[in-house]
Every structure is written in structure tokens, then in C-alpha cells.
Amino acid sequence: MSTKPLHPTPIDAFSTPTSDVQYETESILLKHFPPTPNDTPELNKNAHLQYLVRNLVQGFPERYTSQDASQPWLLFWTLQGFSALQVAMDPGNRQKAIDTIMTWQHPDGGFGGGPGQAPHLLATYAAVSALAIVGRPGPNGGWDQIDRKKLYSFFMSVKQPDGSFLVAKHMEVDVRGIYCLLNTATLLDLLTPELVKGTADFLASCQTYEGGFASASHPSYEVRPPRPEYRTSSKPRVLASPRPALGEAHGGYTFCALAGWVLLLPFTASSDTAPTLSLRLKPLLRWLTSMQCTRASLGGFRGRTNKLVDGCYSWWCGGSFALLEALGVGGIQNASLRAVEEEERVLKDEEGKKEMGRGGREKEKEKRKADEDGWVDVDDSLYDQKALQEYLLYAGQHPAGGLRDKPPKNADAYHTLYCLSGLSAAQHHVFPSKARQKEIEDAWVSKGHYEEDNLRRRVFSSMLSWVEEEGASRILGGKGNRVNATHPVTNLTMTHTEGIMSHFYNQRVPPRGWTPGLTGGKI
Amino acid sequence: MPPIGEDSASLKFSQKPEWADVVPVLQYENVNPLAPIFYSEEYKDATDYFRGIVKSGEKSDRVLTLTEAIIRQNPAHYSAWYYRYETLLAINTPLDVELKLMDELAVKYLKTYQVWHHRRLLLTITRKPADELEFIARSLKVDAKNYHTWSYRQWLLAYFNDEEDLWTGELDFVDTMLNQDVRNNSAWHHRFFVVWGCGVREGEEDRSRILKRELIYVKQNISLAPNNPSAWNYLRGILEHNSAPYSALKDFVAVYTVPHSTDRTEIVDLELPPPDKGAELPCAQAIEFLADIYEQECTREAALKATELWRSLANEHDTIRKKYWEHRIRDALEATKDDV
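Chains as they are written, first to last, in the numbering used here: chain A, 1 to 523; chain B, 1001 to 1340.
FYI, nobody ran anything at the bench for these hints, they're computed from the structure. A hint or two may mislead.
Part of the chain B face toward chain A, derived, beta carbon under 8 Å [stated by the list, open to error]:
1) Y1159
2) N1233
3) A1279
In this text, a Cβ means the ideal position worked out from N, Cα and C, and glycines have one as well.
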């Protein structure tokens, strides 16, 4: 941790409500700074576990009435929190969890926020994800009691002409719903070209001028001849413009749009289903990095420009960097050998610019030496992972257990999970491995129609190609603070993701071995 | 629909004789759930009756009373909202009365999706958007950056795009919001939507004139408070949207990339507003912008200048983004490797 004096956010002698509240927040966070530069913070795993267990076993206090339509979320946040803390449930509570989840399945298909509540994309995601953690095949295991056929009909019933989906009948359209639908459909082998037609274009249309993504966009349709016989297709075409984003660039929506886009890669790769719009990656990267606050806010992430730091954006924003790697941005496996060599050559030619260090391989060797804090700067992430861990450990933990938005707020189930998931993203390098993808494709047993099977195989192998880079974890405060690695798309462990998918795709997944050399030994 | 009177307020639905014909349905009948929520007796009662109504499919006036009771206790109960909406339509309730009720709830429950979405559904039918702008402006006084409120305003304008009257005061409205807080990113985003995002308004067909106007506007706001990422993002956004090069702003930006100079001319130049006396310079966003100008020149020489600027950001002016600036350096050097 740098011993340089802190620079609070500049106010330019021109205060406004934004700068007032920013200043106030920084003053509070100052009290949570590491006491000494060499301090080793502790993740109080036991306290957080007790917090989660209390909620699970005793139940949630009355103020959680506001979450009555989000019961699947309460359970998912709690169960995935356990997974992050490397704790498994006992068989009794496991079965109770499965039985509870299944009461949320609606007779018409899909899951609702509670028994008898209307089916909803977000509730469905949370319920299915919770089942991925506690469920199993067979009677009373949950998995085989999911009505996939009716679920698919529910998905199609909320699909809109512009490629988006309502989150539930009569409800809003937004990218959270799209992520939830695509993720669930991928886990349960329900993805089809018909289901996702136009969706990639919708996602792209949500990118704002700032580079992040908004909640939704507003479509306009071509003006069509009133007489049906003059129309060229049964559905009106969405126009490229105007198609304004509704709402500013936001961390939560950005994660959902980006994860949705990654989930659609098996479709967008083919020329038939390729979207007409593409993502603007350079502004997206810029915006994401600009969401990390300065050390005056302990290096945590905010969710929108000129707003305050919040622990949950550790996952929504911090976690998005791994997704960018699937699009070729960042990550050592994406680094062009030429770029590294070029940098090396230029820096050798430059005089008196030693502070950049030596380039290429020598630079890598330098990086692998621990700095004075014992931090090994071996990663190639594009944001400051160490600072994010500092935010979470020094400010994100509530002394009584659970994690939070920011001090002096109380902990809650939502923030507990997303802080832990964010910590996981900051500790580990999880990336899509081409070698692993090939292993999985080679083990695929073909069934059914050729084209459809090819697509399923692509979907299956891409989702399961994410691996944790061996030996590249960087854990602030020592090994005791380690949390489990998390799948950057599903926010489950890789093991749980594999487990549920191998069941629904009816495929064997070869065991994960040591991944030899990320770039196949090239660098 | 009859409002909940003081007499009946304390009575649960199970205690009201007019509800005696409805069979309440418990939430968890056969399962002892994990992680239960400890509802109040009133909420449990109301939702038991709601489940009973849903089961029978009843759509009547009293359903409005019931759903209102639930919504007041849990504004996020989307099934209650959806069922309420279907009931309103089924029994032909006058929707402006419903809208008035929503006015009250929206203020209380600003951060809930459903309150805003319900308005959207109603507006789609009533088709009277003019009053909504005033309502939205009042909501923003309470919470100037509420995401649902701003996106609802954008939806309203986009949906009723053809009604020019609706749009006439919009730029002034954004101005007002930015005068209150030049750092309100939601307002800047709205400005982009109004000027560039939703078609061309009457009288604004000369896009180069509009661009010129907006450039002056954003530059003036940068000079007021340069360390304001919202303004810089807007500047970059309008240049990119219009495919205009960053280089045209080099003279403007340069002054913000160095500490204050002691000799300052007092000549007022709208095209080149200088930083106000209180500005904290150099400003990281300005240094970044200048580096981008160099990068856009696509020569090795310019890339090296950009590299120096990025290095100064990495090591001094914006150290939290050190890895990003190093990435930019690598990128620019690789892109110009053949220009040596």
C-alpha cells in the first residue's frame, strides 16, 4: 500500500451536491484505511459464515418483506456465499433447499419470486442457479423436476420483436432479464436460434456514448405497408436508428449486457446469425476502468460516473474484466507476442526512461518478484486488483459479520454475495482456455441433428472452457483469505457449472487437469 | 375504488365480512421452507388473500383494494402489480384516477422498478404525456440521479417522439439540472439523448451548428470545474458520434494539462474558455484527452508523445489506472510499429 499522501477527489473550488457527498464518503473511508503500510487484513470468514447461516436457519427479519418477491435471490445469495467461502451444506438443509425452490416453479413454466407468484426471468435465474448448487439428478433432486418445455414456452412468451425480453408478463424490459434468460437457457440446454434472434443486436444497442451499458433501449420499427400482402415479412423490422439507450451507463447493466453477449458468442460467430451491431470495445474498456475509484475511496468500484463507491460493483464492474478477455481484451493469453516484443524494442531504444522497467521477458521476471508488501505483481489484469481487495477487506466487511455497500452501512445478503464474488474475481485469474475447450469438444458424444448438435456442442464447450490459471492467484493478507474461484458468467463455481450442464446436455466432462502454458508455450 | 378508511385499516382481510367468501391460500402449504421471512401479520394476511384471489381469477373492485394494500407494504411485489393492471383493464377503471394514486406511491417508493413501470403501462393507454414531464421533474427534486426516473423520462420522450410540443422544453430542463449540479451524470446522459439520441428536432437540422453549440456548452462547463468526468465523457461522446477528430480541441485541452500559468490573459474566447482560478490542475481527463489526440495521429512520433502522457498518468496523476495506461502504451506502440 503506497505511503504517499492521499489525494481526495478534486473539487476545483466549485462544490455541487455530487462533490459534497463524495467528500463526505471519502472522509468516512479515511477511518478505514490500513493502520500501517504493511498491515495484513483478514477476511473474517467465520463471522460471514455465521451471518449467512443465521439468515438461512433462523430466517430473515421483517424488513426483508421488501424481498418477498425475491425469495429465490435470498437463497441464491446465501448458497453462493457459502460456495465462495468453501462451505457445503449438510444433506438435511440441502434437501430442504431443493424442496423450497421447487415450490417456486409456476405451473405454466418458469419460476416466480415465491410460491404462486408469476414466472419471472430473474427469479428463474436465481432458482436454477440455487439448484445448480444444491440440486442433483433423480427424484426429489430438483433438476429433473424442472419443466424445461414449459420454461421454454415462458421464455418465448416474453420475447419482443426488437430481440429483448420482458422480465415477466406486463413487466419491464431490461438487460438483467436477458442475462438471466440466456444464462439459465445455457445451463439447461434450452438455447436455440429462434430464442435468441435479434438479442445480440438489442444488447449492442444498449451501449451508451460513455462506453458502458444502459438498462434497455427503445426500438423504432420500419413503417410498413398497411396491406399485409405488400409486406415482406411477418414481423416489422427494427430500425438501426433511432434506437436510444434508456438510462446512463451502469455497472450492473454492463455486466449483464456483456455476459449476455459472451453467452451469445456461439451464435454470433456464424454468419447467419451474426448481429448487425457490434460492441465498441475500446470505450467499454475505458469506462470500466474509469469506474474504479481512486485510493481516496480505497480503490473500490462505483456503478456510474460521478457516483459513490459500492461493494457490489466489485463484481458487476470488477467481474466484467474477465468477460472482456473472452472478447480478446486483456489477459495474458490474449497478449500479442508482437506487442510485447515491440514494447521491449522501443523501451530499449529510449534513453533515461528506466522507470518503465525493462520490457518483455525481463519485465516478466521483475514482476514476479514480490514488492515490499509481499504482493507479486504477476497479473496482467487491466484494473488494480490489489486495491479492490483492499476496499473489500478494509471497508467492505461489517464487524458483526456479512459484507456491505460501504461503511457505515449494515450488511445485507445481496452485498455479502457480490462482495465475495468481487473478491474472488480480484484474487483469481479465470479465463476462457482454448485448450480446455478443445478437450471438451473432443469428449463430446454426438446425438441428433448435425447442425443443432454442433451448436449445442459449441455452447457447452464455450461455457465450460473457463479455467482458473494455476499459480496466478494473488490473495491479499495471505492464503487464509482465499475464496473459491468463480465462473465469470454464471457466478457459480466452475464445479457447479460443470455439474448441472453435464447432466442437462447428457455429456461427460473430462476432469480438469493442469493447463499447460496459457499461450501454448508461446510467451 | 374506495380508499382504505381509518376504520378498516386495522382490520385484516380475514376479519372483514365482505371478504368471507374468499378462501385464503397459505404461502407454504406442504413444505417447511428454508430461510423464511418474518412477515408482519398484516402482510401475511393480505398475501394469503391475494393467493386466494389469483386462484379464483377474480377481477373486481375489491381486488384493487387488496393489491393496493400489498403494494403499500411491499412495492416490489410484481405479481400484485401485474394482477392489479389486468384488473384495472378488466373492470374499466378510469386510469387518470389510478395515475393520481401512483403519484403518491412513486414519491414514497422511488427506487422500485414496478412503480415506474406501472406508470408506463398507464401512459401507453391514456396517451397524455405532457403532465408526466412535470411529475418526473418533481421526483428528480427528491433524488436527482434516480435511474428509473430518468430512464422513464427518456422512454416517454422516445415513445411519444412525434409530439414536438413534448420536446420543446427539454434542453432547458437539462440546463436547469446541470446548473443545479454540473456533475450530475444522469443529466449529461439525458442531454446526449435529447440532442443526439432520438432523431432530429424541428429547427435543429443543421447538425454542424448543433455540434458547434454543444462543443461551446461542454467546454464552458469544463472550464467551471475541469475535474468532472461527466463533462469529458460528454465531449468525447459527441465527437465520436459525429466522427469528428479530437485534434480540433488541442488548443483548448492543452491549458488543462499543466499547472496554472502565472500570466493569464483576460480575453474572453468562447472557443477557448480557460480553467477557472480555483481549478485543480493538471486535470487527468485533459491529459488523457491530449494523449488520445496524439494517438489519433497514427505516427510513431505521436505515439511516443502519447506514451509520455500515459506514463505521467500511470505514475503520478491517475495511478489507480496504472495497468490501463500501460495497456494503452502497448497498444499504441504496436499499432505504429511499421512507422519507424
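Comparing the hints with the structure gives:
no.: 1; hint: Y1159; in the structure: holds, 7 Å
no.: 2; hint: N1233; in the structure: holds, 5 Å
no.: 3; hint: A1279; in the structure: holds, 5 Å
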